[in-house]
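Participant: In case you want the letters, here they are:
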Amino acid sequence: MKKGNLMFVLLLVFVLTTGVFAESVELSFYYPVGVSGPLARVIDQMTAEFTELHPDIKIQPVYCGNYNDTMQKVQTAVMSQDPPDIAVVEVSELYSLLAMDALLPLDDYINSENEDFINQYWEAFFGNAVANDQIWGFPFQRSTPVFYWNKELFQKHADELYAVGLSPERAPKTWDEVVQYADILTEKNGDDTEVYGLILPGGWNDWIFEAFVRQNESFLIDQENSIANFDSQEALQALLLWYKLTNEMHVSPPLRPWNMTITDFVAGDAAMMYYSTGGMPTVRKTANFDFEVAFLPMHYTYGTPVGGGDFHIFKGISKEKQDAAWEFIKFMTNPKNAAKWSMESGYVCVNKEGYDLPEMQEFMDDFPQMWTAANQLQYSYPKMMAVNYQQIRKIMTTNLDDVMLGNKSPEKALETMQREIQKILDMYNR
Amino acid sequence: MEKKSVKFFRRFTLIVFLVLTLIPLYLVLVIAFKSNKEIFSGNYLLPSLTPNFSNMKIVFESAPFFVYLKNTAIVVFGILFLQLIMIIPAAYAFARMTFKGSTILFFLFIIQIMLPLEALIVPNYQIINSMHLKDTLISMMLPFVGSGYGTFLLRQSFKQVPKELEDAAIIDGCGHFKFLWHVLIPLARPTIMTFSLISIATHWNDYLWPLIITDSQSVRTLTIGLGMFVQQESGADWGVLMSATLFICLPIILLFLILQKKFLENFLTSGLKG
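Chains as they are written, first to last, in the numbering used here: chain A, 1 to 430; chain B, 1001 to 1274.
Treat the hints as calculated values from the structure; they're not laboratory data. Any given hint might turn out to be false.
[Said to hold, decoys possible] Using 30 Å as the maximum straight-line C-alpha spacing, the simulated DSS-like pairs for lysine-lysine come out as follows:
1. A:244 / A:151
2. B:1134 / A:321
3. B:1037 / A:285
Looking at chain A on its own, in the form it has when it is part of the complex:
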């Protein structure tokens, strides 16, 4: 009898403990931080809130450096059959992850939600999540380039602007106006340029250049990522404009690294800049002058690629973990959290309903510049994607840098890009 009791107790303990173990899931979540601020702490906070709501799911947030570092960590882990459960990577990397067969399609999860679920989100952001008719990613930290301008410097040159029929109260709307404004706003002292009219930043100039090509109603790599289209008239026209601004008129500095661009703008050394929406909180926090944010100036049309990072769930982990990962993604992109992330980071709030929340409305009233990026989404296109996008990016930035420095003619640079990038695309399209 005594022995039987003991056995029963042991059995009970066994069942209870295994029961608990079976229900509780632990997920690793790899994320990059692309914008400044104590964002790692915000992520820690949000994951802790999630675990409060779902005590059976524990999230381990793992900060992974910048976008390139994060991709490297994800790739290393996947190649070692030790994939993370959830990761946010730069959107152009989708095809690289698919080539490694690393991702789980999310269609089943999305279809299992009610019909209104997907309508909460900006459709524009899904362009970079879809490949081969399936959805592989979910928008999280998403941005577009926008056009920043320094109101004080515009006022300073008001008379000159009025004289040619322009206004210091608005940003340039077209490429031609960009040239005119930049010319007037540039301040020279002999051979020294004291204030540049404009900065076309380096570093992520592949992204900015794609925007110019979109404004010409063209593209650089097609959606099926098999055709490179760098040798088009539209691309040439765009690059000739860059060449003119940097090397002929000298109204944009030859080459500024990406994160020095924002420093120059904030220091008042440049009157206008093309830059990510992710820079808005930094500009607002550090600038000693009023600034405004406008759509990227148009040519034949307005146009911009979107950018940033998406959530992905990985193959090679248990179904339970995948289900839990989906719960986590839904939580992180619900109106409240999407709005919170947008307010902290300057990214666009991926969930449209987030804009209806009182705290978000108050924030936007106080910081109306943030609307620009959201409004510009109607003219947005998916950012180009390809397998080994990092290589393509490298080729683009090298050649674009050379043009801006005046070391290469626009024609020659585009020809090189076309040849080398088509070669990379062909490698994976046989």
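Mind docking chain B on chain A? Use the hints.
Facilitator: What follows is chain B alone, placed relative to chain A:
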């Protein structure tokens, strides 16, 4: 007269280099205690009269930097300790013993110097993962333990010890280890110190490998913490970035300052040996 002008010229060059070295450190120190608005107000060169500690506060709120400091110290000195245990006997074997295949083995050691770490990340990850050591302090040390560079450096310095000394030691009854301990290591001290210095400075700055092999805050190192403040998309928050840089550089700068005299001596003597 000429002597004087030479002296002046030397002084002048040294002062120029001194200034060039100090400017970045000075800027770090000054900007670390400035508010953002002040940094962009045109007065970023002069120290502020009212130092601003909010940047430091943000640094320590963003990540557990003292834990990172402890981990970095353990990893850096752990690597050095294991390296010395490994390379001193190895260098001894390559320098003073002849055995079958010693040339080929030494050649393999030398090749290792030319392989960049990046090329080895995936195999290293797989080995560490299969040993279930991922996300531990030891995982950050292991790949660096068998230093080809250190072995090469020490072998050269062991080789210079005259054969007569070894003969004398053997007659006095020294075995391999006694000879190593009592004769070679004291003679090679400058080289060992030089190598230690380089090792500490290199691994204090390791970034990619620790980032990839660790996940938890509790084992991560300082450079990963610093990475949080270098931003790609939005531009850097200079005040905070400089505060973090200051915190990360300070221990190692202090270490070098305290041991400076010893180090210089060693660099000079090891340089003479060529």
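Participant: Evaluate each hint against the coordinates.
Facilitator: Comparing the hints with the structure gives:
no.: 1; hint: A:244 / A:151; result: holds, 25 Å
no.: 2; hint: B:1134 / A:321; result: holds, 20 Å
no.: 3; hint: B:1037 / A:285; result: holds, 8 Å
In terms of the numbered hints stated before, the structure departs from none.
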